[in-house]
Amino acid sequence: MFKYKDLITSAIKIVVHHKYLWFYGFFAVFLTNGILLQKIYSNNNTGFAQNFQKLKGTGIFDFGIINNIIQLAKTDPAGLALRMAVLLVIVVLGLFIAWLAFVSQGALIKSVSDIYINKKSNFKTALKNGMNYFWPVFFFKIIEKTILLFLVATAGLTMFYSVVYENNFLIKISAIFLFLLSIIFIALVMLITRYAMSYSIINSRRFIDAVSLGFSLLKNNILMSIEMSLVILLINVVLSFFALVLVSAAVIPFVFLISIFYKMAFLAGFTFILITGSLSLFIIIGLVGAVLFVFNDSLWTIFFMNLSKEKFVSRLHGFTQFFDKKTVS
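With the first letter of the sequence shown counted as 1, position 241 gets the number 241 in our numbering; the numbers rise by one all the way through.
It is worth saying that the hints were derived from the structure and are not from the lab. There's no promise every hint is true.
[Unchecked claim] Dumping the calculated BS3-like pairs for lysine-lysine here, alpha-carbon to alpha-carbon at most 25 Å: (1) 120 <-> 13; (2) 120 <-> 309; (3) 19 <-> 5; (4) 128 <-> 13; (5) 19 <-> 128; (6) 219 <-> 309; (7) 5 <-> 119; (8) 309 <-> 5; (9) 13 <-> 119; (10) 3 <-> 13; (11) 119 <-> 19; (12) 19 <-> 124; (13) 5 <-> 311; (14) 3 <-> 219; (15) 128 <-> 141.
Everything numeric in this text was worked out from a predicted model, so none of it was measured.
Let the sequences and hints guide you as you build the complete structure.
Shown next as C-alpha cells:
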C-alpha cells in the first residue's frame, strides 16, 4: 500500500523549506487546465459559439480591420504608432509570461525530483533546468491543450444536445454517455501527459519514448493513478476552502476601512485603501495560488518517482474484487 502520510509530509517540507519554488509556482499556474475545464460545468452550453461570434465581430477574420488600420494611418499616424507600440508591448509581455510559465513547470518538476533524492537545488539551478526542458514541456502542454479543447468541446456539445432534445430519450442517453466518456478521456489525457512529462524531465527520455512510457505506466497502474487523483482532489478541496477563508479574512479590514472613509466622504483615504486593498488582495491570491500549485506539483512528482520504481496495490483493488465476486456469484 502506498503511504500517503510520507508523501504529504515530503511535499510540505519541500514547499516550506524551498520558498524560491513559489516563484515558479506562480507562473506555472498559467498552464493549468482549470479555465478550460470550467467550460464543461458552465450553465451556458453555447459558450463556444458565442465566444467565436464575439471574436468574429472584431473583424479579425476579414479584411475590415486591415482597412481600418490603413484609414487610421492616413488620418492619425501618430495615434496608430502609439497603439501599435502598446500592442507590441502587450504581445511581448504575453510571450515572455508564456515562456516563463513553460520554464517554471519544467523547473518545478526537476527541482522537486532533485530535492526528494537530496540533491542540491536553488533558484539559479531551477531556472537553468527549466530552460533546458522548455521544449519538452511546451510540446506536451500544447498537445494536451489541443486534445483537451477537442474533448471539452465534445462534452459541451453533448450537453447542449441533451438539453435541446430532452424529449428524445435515445439522444439524451447517448449525449450523457458521450459526455461521461469525454470526462474519462480528459482524465486519462491529463494523467498520460503528467507521466510522460515527468519521464522526459526526470529521466531525460525522448519525446516519443516518454509518451510510450507514460502510457504504459498509466495502463499498469490505472487503479493507483485513479486513487491518487481522488486523494489529491480531496486535498485540494480542503486546502482551497482554507485558502478562501484566509483571503476572506484578509479582505475584511479593507472593506471596513473603505466603508468608513466612504461615509466620511474622505476621498483620498477611500482611494488609497481601495488601491492598497486591491494590490494586497492580488498579492495574497497570487501567493496562495503559487504555494498550492507547488504543493500539488510536489505530490505528483514524488508520486511518479515512487510509482515508476515500485508496483503498489491500490486500495480501490478491494472494490474491484468485491464486484468481481458479485458478478461470478
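Holds or violated: residue 309 to residue 5, with C-alpha atoms at most 25 Å apart = Satisfied, since the Cα-Cα distance of roughly 19 Å is no more than 25 Å.
Distance restraint between residue 3 and residue 219, which requires alpha-carbon spacing of 25 Å or less = 21 Å, holds
message = Please verify whether residue 120 and residue 309 have alpha carbons no more than 25 Å apart.
response = 22 Å, holds
ask   = If you draw a straight line from the CA of residue 119 to the CA of residue 19, is it 25 Å or shorter?
value = 16 Å, holds
Given hint residue 13 paired with residue 128 - CA-CA distance at most 25 Å = 23 Å, holds
ask   = Between residue 128 and residue 141, is the straight-line Cα distance small enough, at 25 Å or below?
value = Holds, at roughly 20 Å.
message = So if I understand the rule, the pair passes when the alpha-carbon distance is 25 Å or less; does residue 19 with residue 5 pass?
response = 22 Å, holds
Pair hint residue 3 and residue 13, alpha-carbon separation not exceeding 25 Å = 16 Å, holds
query = Can the restraint linking residue 120 and residue 13 be considered satisfied, given a maximum Cα separation of 25 Å?
reply = Given that 25 Å is the threshold and the Cα spacing comes to 15 Å, the pair holds.
ask   = Are the Cα positions of residue 5 and residue 119 separated by 25 Å at most?
value = Judged against 25 Å, a Cα distance of about 22 Å means the pair holds.
Satisfaction of hint between residue 128 and residue 19, Cα-Cα up to 25 Å = 17 Å, holds
ask   = Holds or violated: residue 19 with residue 124, Cα cutoff 25 Å?
value = 13 Å, holds
In the structure shown, no violation is registered for any of the earlier numbered hints.
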